[in-house]
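J.: Here is what each chain is made of, one letter per residue.
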Amino acid sequence: MPSLTKISSNRTSKLTEPSPAHTLDKVRAGQSVKVVETAAGQAATLQLAQLGIRAGATLVVRRSAPLGGPILVESSGSTVAIGRGMARKVLVQSLE
Amino acid sequence: MKIALVGQPNCGKSTIFNSVAGYRTATGNFPGTTVQLAWSRVRLDHQVADLVDLPGIYSLVSTNPAESAAKKFLLSENPSLIINVLDASLLSRSLELTLELRELGIPMVVCLNMMDEAQRRGTKISSQQLAALLALPVVEVIAYRGVGVRELFREGLRALNQPPAPAEFIAWHRDIENVVRQVERELESSPNAQELPSRFLAIKLLENDQDVSAAPEVLSAARRLRAELERTHGRPAESVVMSERHDLAMRLFEESATLTRPLSDPRAALDNLLTHPLWGYVFLMAILVGFFWAVFGFGSLLEREISGKIGLLSASLLAGVPAGGLAHAVLAGLLDGVQGGAGIVLPYLVPFLFGLAFLEDVGYLPRVAYLMDGLLHRIGLHGTSMLPIILGYGCSVPACLATRILPSRRDRFLASVLATLVPCSARSTVIFALVAFYLGPMWALGIFCFNALVVIFSGWMLARLWPEISPGMILEVPRYQWPVLSVMARKVWMRLREFVVLSWPLLIGGSLVLGLAAYWNLDRYANLLLSPLTALLGLPATVGTTLVFGVLRKELALIMLTQALGTNSVSTVLSATQIVVFTIFITFYIPCLATLVALVKEIGKKMTAFAAAYTLILATLMGLLARLILTPILSR
Numbered sequence: 001m002p003s004l005t006k007i008s009s010n011r012t013s014k015l016t017e018p019s020p021a022h023t024l025d026k027v028r029a030g031q032s033v034k035v036v037e038t039a040a041g042q043a044a045t046l047q048l049a050q051l052g053i054r055a056g057a058t059l060v061v062r063r064s065a066p067l068g069g070p071i072l073v074e075s076s077g078s079t080v081a082i083g084r085g086m087a088r089k090v091l092v093q094s095l096e
Numbered sequence: 001m002k003i004a005l006v007g008q009p010n011c012g013k014s015t016i017f018n019s020v021a022g023y024r025t026a027t028g029n030f031p032g033t034t035v036q037l038a039w040s041r042v043r044l045d046h047q048v049a050d051l052v053d054l055p056g057i058y059s060l061v062s063t064n065p066a067e068s069a070a071k072k073f074l075l076s077e078n079p080s081l082i083i084n085v086l087d088a089s090l091l092s093r094s095l096e097l098t099l100e101l102r103e104l105g106i107p108m109v110v111c112l113n114m115m116d117e118a119q120r121r122g123t124k125i126s127s128q129q130l131a132a133l134l135a136l137p138v139v140e141v142i143a144y145r146g147v148g149v150r151e152l153f154r155e156g157l158r159a160l161n162q163p164p165a166p167a168e169f170i171a172w173h174r175d176i177e178n179v180v181r182q183v184e185r186e187l188e189s190s191p192n193a194q195e196l197p198s199r200f201l202a203i204k205l206l207e208n209d210q211d212v213s214a215a216p217e218v219l220s221a222a223r224r225l226r227a228e229l230e231r232t233h234g235r236p237a238e239s240v241v242m243s244e245r246h247d248l249a250m251r252l253f254e255e256s257a258t259l260t261r262p263l264s265d266p267r268a269a270l271d272n273l274l275t276h277p278l279w280g281y282v283f284l285m286a287i288l289v290g291f292f293w294a295v296f297g298f299g300s301l302l303e304r305e306i307s308g309k310i311g312l313l314s315a316s317l318l319a320g321v322p323a324g325g326l327a328h329a330v331l332a333g334l335l336d337g338v339q340g341g342a343g344i345v346l347p348y349l350v351p352f353l354f355g356l357a358f359l360e361d362v363g364y365l366p367r368v369a370y371l372m373d374g375l376l377h378r379i380g381l382h383g384t385s386m387l388p389i390i391l392g393y394g395c396s397v398p399a400c401l402a403t404r405i406l407p408s409r410r411d412r413f414l415a416s417v418l419a420t421l422v423p424c425s426a427r428s429t430v431i432f433a434l435v436a437f438y439l440g441p442m443w444a445l446g447i448f449c450f451n452a453l454v455v456i457f458s459g460w461m462l463a464r465l466w467p468e469i470s471p472g473m474i475l476e477v478p479r480y481q482w483p484v485l486s487v488m489a490r491k492v493w494m495r496l497r498e499f500v501v502l503s504w505p506l507l508i509g510g511s512l513v514l515g516l517a518a519y520w521n522l523d524r525y526a527n528l529l530l531s532p533l534t535a536l537l538g539l540p541a542t543v544g545t546t547l548v549f550g551v552l553r554k555e556l557a558l559i560m561l562t563q564a565l566g567t568n569s570v571s572t573v574l575s576a577t578q579i580v581v582f583t584i585f586i587t588f589y590i591p592c593l594a595t596l597v598a599l600v601k602e603i604g605k606k607m608t609a610f611a612a613a614y615t616l617i618l619a620t621l622m623g624l625l626a627r628l629i630l631t632p633i634l635s636r
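Chains as they are written, first to last, in my numbering: chain H, 1 to 96; chain C, 1 to 636.
Any given hint could turn out to be false.
As the list claims (entries may be wrong) - Derived pair list, reagent style DMTMM-like, types lysine to aspartate or glutamate, alpha-carbon separation capped at 25 Å:
hint : chain 1 : residue 1 : chain 2 : residue 2
1    : H       : K89       : C       : E103
2    : C       : K71       : C       : D247
3    : H       : K89       : C       : E230
4    : H       : K89       : C       : E468
5    : C       : K71       : C       : E195
6    : C       : K124      : C       : E140
7    : C       : K72       : C       : E103
8    : H       : K26       : C       : E476
9    : C       : K72       : C       : E195
10   : C       : K2        : C       : D45
11   : H       : K26       : H       : E37
12   : H       : K89       : C       : E254
13   : C       : K606      : C       : E468
14   : C       : K124      : H       : E74
15   : C       : K71       : C       : E244
16   : C       : K124      : C       : E254
17   : H       : K89       : C       : E195
For the record, the hints were derived by calculation from the structure and aren't laboratory data.
As the structure is a computational prediction, the values presented were derived from the model and not from experiment.
Go ahead and model the full structure; you've got the sequences and the hints to work with.
T.: Structure below.
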């Protein structure tokens, strides 16, 4: 069986993890993070969740565009471009 | 019988649609919206069905006009069968929509498309297992190679008249399940019975979906239960329901798929290059320059071919009518209109639309939006606005219609105004025929660059006139795919139709009006009326008419110019400065009639009037600016 059960277990371990949360726009390309919370508006939160960016999900930041452009993240197989302002509303934790 | 193709964006629905529908497809608007859908009458085993290709949706909670149209179709048009297309390589995410769809109680077949891609990614899916878990037929398909499509429709026909088995077997967590049941009971005891299954309605009411309605007492019960869910779970009820569906999809995925090592994918390296913070932009420039160079190269070849033939044909037709008479004027006007469409616009529009469909289907356009979002956001625009603006270089009409992909009204307005400011293929023809021909290609390039600057400036200014924080970009960037020719052809045809159906008749009508105006010497009054403007721009009064009638057809201004001036060698009558000023004015001022109609459809009358006034002022100012700057340089 695949080891994807970690998504549900992440939700409970979030409280105990010590590493401090920061926003998605600060993450450097190549790093993996776990989403703690999306603090965007209702519609945007929904849209992000539809693309797999929701509390507990693991993301890999692939690229960060210059000039305050969007960041490109990979979440469970799909790639999503998220505007810098929107990324500021996604709270994440680094995964080593 | 209606069969709906439903799936998430980029799941390959259109490829499946095309493989059974061929070219005999029609497009129509959703009732009450401007969102288009494609449908086709297909024959399946002695049964005739209407196959409808709905816009891609991530879930039945809609976030833009196209999505809500797809949802309305499913809720109100009673399709006999849903073919739910899934990208097998994104199985767990796609199953969330499947779970939502099966609540509708409509017979349904699941199409696991892109099985080869899933395998490449190391996902082994047991479709039998998935079918057993979902209690739905599941068919493995590789649509672009035609694998499994026949089987898919055979299974679909078998599933007809068999609504999905009750969904309860896929258990939700007990506390949430209880809440859903309570709402269901309320619905069942309420007098006005609904056509939709009560479980579906109950869930939608808990999600606070505005598209479903219920009796007031049911609504108040649902409100109370929502509040209860929020209290017990510590977050909004819709988010509770959504994660429930997500967990369920995850469980289905785990029980039906196994993960192995993915194969290495050369596309990842390509994408790293094309989204690189430096090389990404170098390639973007190269791709766009190459694209326009190819379009215009190919277009001018076609134009020479077609224009010559049509010119000969219309000359022979006109020879049969006595010159100088009313009949001659009418016929000449009509033929001009036909020729303008077939000989000038189509040769550039068709290669443009093909090139664009290629970039789109390969998956490059979302990368363009990604690369440009930073810059556009500084101006105050949404990164996705780049797509209609690029379309604007082909024809403003499809460009205006393409603004629908933007989520906010303000962004749609800005994008459509800017898209009409970029020179469409008709205006590019004027730039080439006047500026490139008389002053040299570098001058033409200069006009295109100047135009781009003005578009950027206009965007910046209009964004400040309507200050609203543009919702940040959230855009799925699909993996690269080799385009399927038939899908591209259909896309080109659907966009071309908008030109053929909407613009061409107007173009022909406009030419007719022009021909009659010339016949009755109405141009004299137009020239007199416009003399302040022509004087301001330093143009001879005789070009006044050309400017008025350019509204009917932009490239007609060119033909009119030679008519008005009474000579084919424009440079003997107009100075270099005057040629540039004239071209700049034509490029910017009021979009053509066909575009105005499209604008009214998309952004309303008031906004269209504003856009027209804005472009008129802009064209005058820019023409004046060009006159003031160029006069000392060019006139020696």
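J.: Confirm or reject each hint.
T.: Here is what the structure says about each hint:
As the CA atoms of K89 of chain H and E103 of chain C are separated by approximately 33 Å, the hinted pair breaks the 25 Å bound. Distance hint between K71 of chain C and D247 of chain C is fulfilled; the C-alpha atoms sit about 23 Å from each other, no more than 25 Å. In summary, the hint linking K89 of chain H to E230 of chain C is supported, as the alpha carbons are separated by about 22 Å, within the 25 Å threshold. A distance of roughly 18 Å separates the Cα atoms of K89 of chain H and E468 of chain C; the hinted pair therefore holds under the 25 Å criterion.
Between K71 of chain C and E195 of chain C the alpha-carbon distance is near 15 Å, which keeps this suggested pair within the 25 Å criterion. Distance restraint check for K124 of chain C and E140 of chain C: the Cα-Cα separation of roughly 12 Å lies within the 25 Å cut-off, and the hinted pair is therefore satisfied. Distance hint between K72 of chain C and E103 of chain C is fulfilled; the C-alpha atoms sit about 15 Å from each other, no more than 25 Å. A distance of roughly 20 Å separates the Cα atoms of K26 of chain H and E476 of chain C; the hinted pair therefore holds under the 25 Å criterion.
Our distance criterion of 25 Å between C-alpha atoms is met by K72 of chain C and E195 of chain C, whose separation comes to about 14 Å. Note on K2 of chain C and D45 of chain C: the hinted pairing holds, with a Cα-Cα distance of about 15 Å set against a maximum of 25 Å. Of the pairs offered as hints, the one joining K26 of chain H and E37 of chain H holds, with about 15 Å between alpha carbons and a cut-off of 25 Å not exceeded. Distance restraint check for K89 of chain H and E254 of chain C: the Cα-Cα separation of roughly 31 Å exceeds the 25 Å cut-off, and the hinted pair is therefore not satisfied.
For the hint pairing K606 of chain C with E468 of chain C, the CA-to-CA distance comes to about 19 Å; that is within 25 Å, so the pair holds. A C-alpha spacing of about 21 Å is found between K124 of chain C and E74 of chain H, which places the hinted pair at or below 25 Å, so the restraint holds. About 21 Å separates the Cα atoms of K71 of chain C and E244 of chain C, which keeps this hinted pair within 25 Å; it holds. A distance of roughly 11 Å separates the Cα atoms of K124 of chain C and E254 of chain C; the hinted pair therefore holds under the 25 Å criterion.
Taking the CA atoms of K89 of chain H and E195 of chain C, the gap is about 40 Å. The hint is violated against a cut of 25 Å.
In summary, the structure is inconsistent with hints 1, 12, 17 from the numbered list given earlier, while agreeing with the others.
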